[in-house]
Structure formats: structure tokens, C-alpha cells
Amino acid sequence: MATSPTLRLVKDELYGFAKSKVMLVLWVILPLIAIAGYLLLRGNEKIGMDPDSKMSASVFMSLILSSLSGTVAALMVAVDLVSERQRKVFELFIIRPIRREVIIWSKFIAVFLVVTMACILSMALGIAIDTIRGDAFTSAMAYDTLKGMAQLVSVIGLSAAVGVICGVLARSILVAVLLILYGGQNLTIVPMLPTYLGVLPDQFWVFQAISLILILVLTFLASLAFRRSQF
Amino acid sequence: MVAPLLELERVTKAFYGQKVLSEVSFSIQPGEVFGYIGPNGAGKSTTLKILAGLITQFDGTVNIAGANVKTERNAAHALIGFMPQSCGFQNWRTVDSALDTLGDLSGVPADVRARRIPALLERFDLLAARKKKVKELSGGMTQKLGLIQALLHEPKLLVLDEPLEGLDPPSRQMLKDVIRERQRAGTTVLFSSHILSDVEHVADRVGILNRGEVRTTGSIRDLTKSFGLPTEVDVWFSAAPADTGFLRASTNTDVAADDERKPNEWRLTLAAGANADAVIHALVERTLAGGGRLRKIGVAEPALDDLFARYILESDRSAAVGGGSRGN
Numbered sequence: 001m002a003t004s005p006t007l008r009l010v011k012d013e014l015y016g017f018a019k020s021k022v023m024l025v026l027w028v029i030l031p032l033i034a035i036a037g038y039l040l041l042r043g044n045e046k047i048g049m050d051p052d053s054k055m056s057a058s059v060f061m062s063l064i065l066s067s068l069s070g071t072v073a074a075l076m077v078a079v080d081l082v083s084e085r086q087r088k089v090f091e092l093f094i095i096r097p098i099r100r101e102v103i104i105w106s107k108f109i110a111v112f113l114v115v116t117m118a119c120i121l122s123m124a125l126g127i128a129i130d131t132i133r134g135d136a137f138t139s140a141m142a143y144d145t146l147k148g149m150a151q152l153v154s155v156i157g158l159s160a161a162v163g164v165i166c167g168v169l170a171r172s173i174l175v176a177v178l179l180i181l182y183g184g185q186n187l188t189i190v191p192m193l194p195t196y197l198g199v200l201p202d203q204f205w206v207f208q209a210i211s212l213i214l215i216l217v218l219t220f221l222a223s224l225a226f227r228r229s230q231f
Numbered sequence: 001m002v003a004p005l006l007e008l009e010r011v012t013k014a015f016y017g018q019k020v021l022s023e024v025s026f027s028i029q030p031g032e033v034f035g036y037i038g039p040n041g042a043g044k045s046t047t048l049k050i051l052a053g054l055i056t057q058f059d060g061t062v063n064i065a066g067a068n069v070k071t072e073r074n075a076a077h078a079l080i081g082f083m084p085q086s087c088g089f090q091n092w093r094t095v096d097s098a099l100d101t102l103g104d105l106s107g108v109p110a111d112v113r114a115r116r117i118p119a120l121l122e123r124f125d126l127l128a129a130r131k132k133k134v135k136e137l138s139g140g141m142t143q144k145l146g147l148i149q150a151l152l153h154e155p156k157l158l159v160l161d162e163p164l165e166g167l168d169p170p171s172r173q174m175l176k177d178v179i180r181e182r183q184r185a186g187t188t189v190l191f192s193s194h195i196l197s198d199v200e201h202v203a204d205r206v207g208i209l210n211r212g213e214v215r216t217t218g219s220i221r222d223l224t225k226s227f228g229l230p231t232e233v234d235v236w237f238s239a240a241p242a243d244t245g246f247l248r249a250s251t252n253t254d255v256a257a258d259d260e261r262k263p264n265e266w267r268l269t270l271a272a273g274a275n276a277d278a279v280i281h282a283l284v285e286r287t288l289a290g291g292g293r294l295r296k297i298g299v300a301e302p303a304l305d306d307l308f309a310r311y312i313l314e315s316d317r318s319a320a321v322g323g324g325s326r327g328n
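Chains as they are written, first to last, in this note's numbering: chain V, 1 to 231; chain E, 1 to 328.
Do not rely on the hints blindly, as some may be mistaken.
[Claimed, not checked] Keeping only pairs whose Cα atoms sit at most 27 Å apart, straight-line, the calculated DSS-like set for lysine-lysine is:
hint, chain 1, residue 1, chain 2, residue 2
1, V, K19, E, K135
2, V, K11, E, K133
3, V, K19, E, K176
4, V, K21, V, K11
5, E, K262, E, K296
6, E, K225, E, K296
[Stated by the list, open to error] So these bits of chain E aren't anywhere near chain V, every CB distance computed over 10 Å:
hint, residue
7, D104
8, Q149
9, V299
Don't read these hints as lab results, they were simulated from the structure. Think of the CB as a built atom: it goes at the ideal place given N, C-alpha and C, for glycine as much as any other residue.
Construct the complete structure from the given sequences, taking the supplied hints into account.
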């Protein structure tokens, strides 16, 4: 039986991304760098850190991941979209009786999932290091970690959505990268604005809600642009 | 009368104000092989991309088995197998994975894919490359893969954009055989080429596109006639008759021009109105009467590509003075 086109493409894209060199960086090199960074920087007075710092590995990991994962997700999906368009990969999908936007959604979902999985892996590694070092992982820490993770997932989703729209609109990889670095990434600040401006007090849910709305709007716009694209 | 499988009506497309297709109209009957011929930049690929749904913004109507490609996109595209001029595949995909996904997206059930993919790979000598990544394939192999993906769902209409381009002679022959096979199986085939001789022996009808306009459609024979060239007869002797004066234009009123290309090998251009059969009969009689022996005699096959080039040049010239003719 033929499977749903979206499911089939998501499965394929997941497989493709999981085997790509970028994922090697995300799954292996990034956690290694984070661990090395944690071990080297923890309590380093020269860079202004308190020698008696009790910063846990999991907190350090989440700091590194939150600053990197969004950019990685946006760049991954945008570069992939532009490069596949240039190599005329989409043509063989578009000529089939499927909705064009399925291609965009599958890219978004796949990148979102692989980057999220890589982040969960790194966080788990941080928790494991803390446990090995004898730092107890309390329920309060677990709650904070989960909350931080949920926000990180939203950032990854929003960044992937930014990457998707930049990838659909840009005609060259350079333009896509510049659009993301100098324009798109600023969009990821939008969910934090109500908190910064003191408009709404409950920052977690506001952040999550605005992120979700932005993700849906951006991906919808990207799908619309892709549907109107001429190949 | 059978309804056409493909119908284009006044299809017009412009890029940045520049018309690429101008009111292109033609139709193809079910089971027909149609060669879409035109020089580079004539608008062939644009037409085929419109059929395949890659270009959606155009004026005019395109129907495939009654389904409008603009308004009933999925219904129309379920009937098409399209091979673009250059096929791109994701770098990480193997031959098998690429075909399996594309077949799935075309609605081919898994058990059918499991049978059909190896069979098609074998038909195109690609079975050994089944587990290879697509990026490791040569250009010719990738092109064959492009054709296989177009055939996977056994489409009613097979649309091939310059399928013979870049293929070696055995592969070209194989592709022509496949086109004939598909035709016997009831598939309608539309394929483009900028080389008229490519479509000879394969296409039932051809359409000539130049500067975005379909200048004429018809069988190769009809087109040859429409080119308005005189009939030529080849005469080869194994032993020439004593007197070859009857071959000369100066003495034979049926001959407009004579050319002894090599010793004992002549090409005669017949005068307008001369009956080729009658002339050949007379030539045979006079050769034998003169003590000569014939090796070969018959109407010379026109050099299609030369004719086509001349036709395009003439149509360009007439378009330049504003008198281009449009056939259908």
C-alpha cells in the first residue's frame, strides 16, 4: 500500500539528514566540544568565572546548545532547500500527484526532529556527567531542565521555520546564509519581546505560544511561496 | 473519433515580458508517439514543464485525458510520467531508495514496486548499480534512472525532454526500443529533440516549434513534402552503360540536375512534376539496354537534419518579415 506522501518524505528526510556530515557535527562533535568546554572553562578565573563555580554540566550544555542549535537548524534546512533546488531535485517530486507544500513540511519536520534529538542527546550527556561527578539531579533541577528543553525546542522550531522560508526565497546558498544570519535570526528574539518589555508576566507560556504562532505563520508562508514557485 | 489524450490550446508563456511560447496548440491521440522538434531555445522544455506542472503560471489550456493541469492538477499528473532534461536526485539516495520513494509518491503499492523496480533496472542494465548511491552513477546512467522513474507508475502519457541527449549509440537505440515498447503497450509518448533524425523511425507525428510557435505538425513524410524539396534518385552502377548521357540534365528532361558523386555513383535531382517511379523504370531500361549493370537504384532518403535546418532558417526569415505560417 502507498504510504502518506508527508510521512514517506519525513521518513526519507530524517534518514538523509541523519546520514549527513552536519549530523556528525551535531551528534558527536558538538557534545564533545561542549564537554571539553565545560571541563576547561569551569572555574577558570582568567575568563572571569568563579573558581568555586557550581555550574552543572547540564546547565553548561543547555547554554551551548541554545546558542548553537537554532542557527544550525536554520542553516541546515535553508542550505538543503537551495542546494536541492539548484540540482533540480524537487522537479521529480513536484511532477507527482502530491501537494507541493508536503516537500517543505517534510524538510521542516525532519530538521526540527534531528536537531531536537541531538540537543536531547547532549543534555542527557550533561546530566550523566553531573551524576558521575556526584551532583544530585534533584526534582527541581529536572523541572528546570525540562522547561529549558521545551524553550530550546521552540527555538529550534522557530529557527527551522526561518530556515525554510529563507531557503524557499533565496536562489543561492550565500544569499540564504546571509538572510538567516543578518535577518532571520532576529525573528527568534520576537517571542522574548513581551518578557523584555514587561508586557506579559508569565514568560514561559508566552514564549511558547508566540513561538508556535510564528512557526506556523512562517512555514505556511514558505509553503505558499513554494507552491507558487516556477521550476 | 477518439478524444485526444493530450490537448494544448493557445498556450502562451512569457518570462519577464519576453514571450517564450506564443499560442501553442496541438493535440496527441492515445497511443501516438509525437516528436516535439525545435532548435535550442525554441520553447520545447517550457512546453513540457507546463505539461508536467513545473510551470503553473501560463495562459491557455492544457488537458490530459480531459483533466485540466491547472485546476485538476493531481488527476492530470497521475497520468504523466515525466523525464526532465537533467534529473537531480538527493546525494544520499541509492538507486533503489530513489525509485522506491518516487514510485510511492506516484501511488504505486509496495508489492508492485518490489517487482517493477528490479525489472526496470534490468531492462536498462542498471540492476548491478541498484545499491549504489545515485551520485556515483555516470551521466548516462543517471539519465536512464530518470527514464525509469518516469516509467515506474506505468503512465498513460510519457513525456521525455531531450531523452537522447548525451546517450551513447547503444543507449540511444535502447531508448528508441523502449519508446516503441511503450507504444505497443498503449502508452502515448511525447518527446522533444532538437535533432529531426532522432525522431525518424520512432515518431508517428512531429511538431516543429520555432521561436515559441508551432510552425507545423504532421508525419515525417508530410513534413518532408512541406519542405518543398525536389525528389532525388540515387543510381549506382556495378558496370556503367556505354553511354551515360541519359543521366544528364542536359539531355534528360526528367532530370533537373545531375551529380556524379563518385565514379559510377550518381545522384539525380528530378524535375518538378517528374514521376519518380516512371523515371526509375526508364533508367533501369536504358542502363540494361546500354550494357550496364545496376548495383542500386531508388529514391534518395532526404537528409532530415539538413531539411530541418533549412526549414528553421526559412521560417526565421519569414517571421522576420512578419509572414510566419502556423500549422496545427
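Here is how each hint holds up against the structure:
About 15 Å separates the Cα atoms of K19/V and K135/E, which keeps this hinted pair within 27 Å; it holds. Distance hint between K11/V and K133/E is fulfilled; the C-alpha atoms sit about 18 Å from each other, no more than 27 Å. Between K19/V and K176/E the CA atoms are separated by roughly 38 Å; this puts the pair beyond 27 Å, and the hint is violated. Distance hint between K21/V and K11/V is fulfilled; the C-alpha atoms sit about 18 Å from each other, no more than 27 Å.
For the proposed pair K262/E and K296/E, the alpha carbon gap of about 14 Å is at most 27 Å, so the pair holds. The suggested pairing of K225/E with K296/E holds, with an alpha-carbon distance near 24 Å, which does not exceed 27 Å. Not every Cβ of chain V is farther than 10 Å from the Cβ of D104/E; the closest lies at roughly 5 Å, contradicting the non-interface assignment. Not every beta carbon of chain V lies more than 10 Å from that of Q149/E, the smallest distance being close to 6 Å; the non-interface claim is violated.
V299/E, annotated as away from the interface, keeps every beta carbon of chain V farther than 10 Å; the closest lies near 43 Å.
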